[in-house]
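Undergrad: Sequence:
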Amino acid sequence: MATLLLARHGETDWNRDHRWQGHTGPRLNERGRRQARELAGQLDRIDAIYSSDTIRARETAEIVGAELGLGVTTDPRLREVDFGEWEGLTRHEIDERFAGAFTRWRAFEQAEPDGGESDATMAERVLRALTDIAHEHADGRVLVVTSGGPIRAAQAHLGGIEQPTARRHLKTVANCGLAEVVIRDGRFAQPS
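Going by the working numbering, the sequence shown opens with residue 999, and the numbers climb by one from there.
What the hints contain is simulated information worked out from the structure, not anything from laboratory work. Values in this document were obtained by computation on a predicted structure and should not be read as measured data. Among these hints, one or two may not hold up.
Cβ-Cβ distance ranges computed for the label pairs, FRET-style [stated by the list, open to error]:
| hint | residue 1 | residue 2 | range |
| --- | --- | --- | --- |
| 1 | Arg-1095 | Asp-1011 | 12 to 22 angstroms |
| 2 | Leu-1176 | His-1016 | 35 to 45 angstroms |
| 3 | Asp-1042 | Gln-1108 | 38 to 48 angstroms |
Ideal Cβ placement from N, Cα and C applies to all residues, glycine included.
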């Protein structure tokens, strides 16, 4: 049985400014680096650290790893949903440039961002990655640093919530917040 601690990356200026970041985005800001150091102080008995290859997740994982004396393995499957042409834009800017696309997406009338991927597609790759990590560390306790969408995908899978509507039912984890899942023989379960 593998225990995976899913951590959202630390804050970036785009988080602070409410700009959408998926596969792109800036490094952590000072607050995000402080959050990563505080996250490291909350963790005990971590056997391995995995991270999305986005700069914000990788930087968070490297700060934690340096504090805990562990290296970081990156996996691009752990990335946030690809927001395509919306990346770097605010909700208002998306609606202005793409004729109300953000409003339609939030109302589940548009499956994916312009030029991006759907939540269901992202969830499929993230769940495969988490299952592979759990298989690699069958009796381990592993930190996985990623983004809000992938954490929500794991929580939705665990709770039997349809991926396309998970945004409606599950709140996004705060920067450097944690969620825990247990995976045994490829099956997700609540921690005991």
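Undergrad: State for each hint whether it applies.
TA: Here is what the structure says about each hint:
no.: 1; hint: Arg-1095 x Asp-1011: 12 to 22 angstroms; in the structure: 20 angstroms, holds
no.: 2; hint: Leu-1176 x His-1016: 35 to 45 angstroms; in the structure: 23 angstroms, violated
no.: 3; hint: Asp-1042 x Gln-1108: 38 to 48 angstroms; in the structure: 43 angstroms, holds
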